[in-house]
Amino acid sequence: MPSSWNVFKANSVRRERALDILMPVMAVAVALMLWSAAVKVFEIPEYLLPAPLDVVVRLGEEWRRLADECLYTLQSVLLGFSASVLIGVPLAFWVVCSRSIERMLMPFLVMSQTIPKVAIAPILVVWLGFGILPKIAVVFLISFFPIIVSTIVGLKGVENDMIDLVRSMGAKTPKIMLKVRGPAALPQMFGGFKIAICFSVVGAIVGEFVGSDKGVGFLLLTSAGDLDGSLIWAALFVLIAMGVILFSIVSKLERLLIPWHVSVRIESTTAYQS
Amino acid sequence: MSGEVIGIDDVSLTYHAANSDVHALDNVSIFASEGEFVALVGPSGCGKSTLLKLVSGLLSPSSGAIRVNGREIRGPTASVGVVFQSPLLMAWRSILENILLQIEIRGLRVQDYRETAQELIQLVALEGFENAYPHQLSGGMQQRVGLCRALIHDPDLLLMDEPFGALDAMTREQMNSELQSIWMKRRKTVLFITHSISEAVYLADRVLVMSPRPGRIVGEIKVELPRPRTVASTETLEFTHLTRQVRQHLNTEEGIG
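Quick mapping for you: the protein sequence lines, in order, are chains A and B.
To convert, note that position 69 of the first sequence is 69 in my numbering; the numbers rise steadily by one, no gaps.
To convert, note that position 162 of the second sequence is 162 in my numbering; the numbers rise steadily by one, no gaps.
Calculated from the structure, these hints are not laboratory results.
Where a beta carbon is used, it is the ideal one built from N, C-alpha and C, also for glycine.
Check the hints yourself; a few may be wrong.
The calculated lysine to aspartate or glutamate pairs, modelled on EDC-like cross-linking and capped at a C-alpha distance of 16 Å, are [as the list claims (entries may be wrong)]:
id : chain 1 : residue 1 : chain 2 : residue 2
1  : A       : Lys175    : B       : Asp205
2  : A       : Lys172    : B       : Glu104
3  : B       : Lys185    : B       : Glu72
4  : A       : Lys252    : A       : Asp20
5  : B       : Lys222    : B       : Glu36
6  : B       : Lys185    : B       : Glu36
7  : A       : Lys117    : A       : Glu102
8  : A       : Lys179    : B       : Glu97
9  : A       : Lys179    : B       : Glu178
10 : A       : Lys40     : A       : Asp20
11 : B       : Lys188    : B       : Glu173
12 : B       : Lys53     : A       : Asp161
13 : B       : Lys222    : B       : Glu238
14 : B       : Lys188    : B       : Asp168
15 : B       : Lys188    : B       : Glu238
What follows is a list of derived Cβ distance ranges for each label pair [to be verified]:
id : chain 1 : residue 1 : chain 2 : residue 2 : range
16 : B       : Ala18     : A       : Trp94     : 27 to 35 Å
17 : A       : Glu102    : B       : Ala18     : 40 to 48 Å
18 : A       : Leu22     : B       : Glu127    : 39 to 47 Å
Work out the full structure: start from the sequences and follow the hints.
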């Protein structure tokens with residue numbers, strides 16, 4: 001390939017990377033500007049909707065407290081999400097290995113999802129106390145379902161011919177799982193992880209709403225009680241930041257682990273074709 | 001038979017579908033000796049692929065016996081390499097890793113086969129692509145990787161199920177000629193399934209014709225064209241004569257001729 005082409009390609013890849021960061025930042029900036037303008041023009045009182053700048057100022061003033069609450073919430077998010085991955089993924093493998101397990105387990109899984117988490121959160125508090133455990137439980141309950149469902153879809157989504165091929169090489173179920181279905185399922189698994197990590201943040205807040213004296217959820221509840229608009233929004237900003245950062249960590253991991261998948265590739269797909 | 005590599009002995013297969021039994025194969029017998037290239041032609045749905053699954057041990061027959069190298073098949077065997085219609089490469093493995101999959105799955109030492117893999121890659125003219133990924137290759141190149149993967153463990157028998165059926169006509173012609181030269185170098189016994197009559201005649205020492213379901217062998221045509229066969233040999237009278245013979249067998253079975 002001519003070197004000028006390589007330079008062009010490198011440049012266009014770099015440009016794509018830059019746009020990946022620049023464009024969302026600009027979109028958010030525009031939204032914030034519109035928000036500021038609306039607050040000014042319509043003279044919205046602070047307890048209803050504070051101006052973004054006021055929220056930022058409040059963030060600066062209260063950062064130590066916000067950081068503390070945030071760390072507490074982050075703990076239940078990460079522990080609950082990890083539990084979902086560690087339990088959900090093996091469970092999905094098990095379901096795919098055995099039809100009977102699938103038949104017996106799936107009704108419970110689906111039922112567990114039709115129960116509103118807000119409704120059972122109080123029961124969890126009764127069972128598990130006021131500590132961090134009931135929050136982790138809510139996070140787990142809300143986030144394991146997308147993980148298990150998408151992992152099952154991924155594991156099952158392998159062509160029959162591919163399975164025949166490795167069986168003709170003498171592979172039995174464990175090897176088929178490990179060498180074929182497992183890797184093939186990674187893209188779907190990450191789809192599930194991405195949904196689950198966002199749900200996890202929601203779950204942690206739900207858990208804290210029901211019974212907590214710590215965490216961003218608790219802060220939201222008390223500042224709403226005080227009609228403290230800028231503190232509510234400062235807490236929300238922290239929550240959003242947490243969600244976005246966690247989501248992008250999962251996306252980063254996805255890029256690292258499945259560089260081969262269509263959804264992740266950025267280079268030309270026909271690089272070597274002759 | 002001495003040097004018999006495939007022995008399909010009076011095999012029938014009936015499988016149970018939703019509400020009726022499907023009689024897929026009816027008293028099929030195929031024998032192939034060492035180094036022989038046998039092509040199997042038949043209309044779609046005649047059980048060609050079923051037959052291949054039987055030989056590779058993925059299915060067991062309802063009656064009759066299947067032997068590879070004199071040993072009766074009871075489950076996947078060590079001495080077979082299979083190429084399917086689609087290349088079936090794993091997107092997460094490099095070309096070299098895809099070829100070595102066969103070795104990994106069979107529990108052999110990967111280190112011992114790296115050299116062989118390199119030789120095969122050279123044989124199919126894919127040097128330089130060892131570390132490329134499947135999506136970076138064209139369809140024909142992908143199928144060549146599939147061929148390497150089927151040959152890496154030096155099987156006694158190569159089973160090919162319409163391997164070039166998904167390729168465009170020009171690539172297909174090229175792949176046929178490459179397969180012939182690889183076969184002439186390695187002299188594996190090949191059972192090649194196709195629905196292209198000219199492809200069968202071009203490649204095979206012997207063409208077997210199968211009837212529509214239930215599949216039976218209804219014709220056998222020996223092809224004694226000199227090798228290496230070229231595009232020119234497909235334009236000879238003898239070639240035309242042979243393809244006509246195959247077509248006649250097919251047509252009488254379908255009630256057209």
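Here is what the structure says about each hint:
1. Annotation: proposed proximity of Lys175/A to Asp205/B is violated, straight-line Cα distance about 37 Å (limit 16 Å).
2. A threshold of 16 Å between alpha carbons decides the hint, and for Lys172/A with Glu104/B the separation of about 13 Å falls inside it, so the pair holds.
3. Between Lys185/B and Glu72/B the alpha-carbon distance is near 28 Å, which puts this suggested pair outside the 16 Å criterion.
4. Between Lys252/A and Asp20/A the CA atoms are separated by roughly 13 Å; this keeps the pair inside 16 Å, and the hint holds.
5. Taking the CA atoms of Lys222/B and Glu36/B, the gap is near 11 Å; set against the 16 Å cutoff, the hint holds.
6. Distance check on the hinted pair: Lys185/B and Glu36/B sit about 13 Å apart at the alpha-carbon level, within 16 Å; holds.
7. At most 16 Å may separate the alpha-carbon atoms for a hinted pair to count; Lys117/A and Glu102/A exceed this at roughly 24 Å.
8. Restraint check: the Cα-Cα separation between Lys179/A and Glu97/B comes to about 12 Å, which is no more than 16 Å; the hinted pair holds.
9. Proximity of Lys179/A to Glu178/B is assessed by CA-CA distance (about 30 Å); at most 16 Å being required, the pair is judged violated.
10. Only pairs whose Cα atoms come within 16 Å are accepted, and Lys40/A paired with Asp20/A is rejected, the gap being roughly 31 Å.
11. A C-alpha spacing of about 21 Å is found between Lys188/B and Glu173/B, which places the hinted pair above 16 Å, so the restraint is violated.
12. With a C-alpha separation of about 11 Å, the suggested pair Lys53/B and Asp161/A falls inside the 16 Å cut-off, and the hint holds.
13. For the given pair, Lys222/B sits about 12 Å from Glu238/B by alpha-carbon distance, which is consistent with the 16 Å threshold.
14. Pair hint Lys188/B plus Asp168/B does not hold up; C-alpha atoms about 26 Å apart against a cutoff of 16 Å.
15. With a C-alpha separation of about 26 Å, the suggested pairing of Lys188/B with Glu238/B is violated against the 16 Å cut-off.
16. One distance hint, 27 to 35 Å for the beta-carbon pair Ala18/B and Trp94/A, holds here, with the actual separation near 28 Å.
17. A hinted range of 40 to 48 Å for the beta carbons of Glu102/A and Ala18/B is inconsistent with their spacing of about 21 Å.
18. Under the hint 39 to 47 Å, the C-beta atoms of Leu22/A and Glu127/B, about 41 Å apart, fit the expected range.
The structure fails hints 1, 3, 7, 9, 10, 11, 14, 15 and 17 (numbered hints given earlier, in ascending order).
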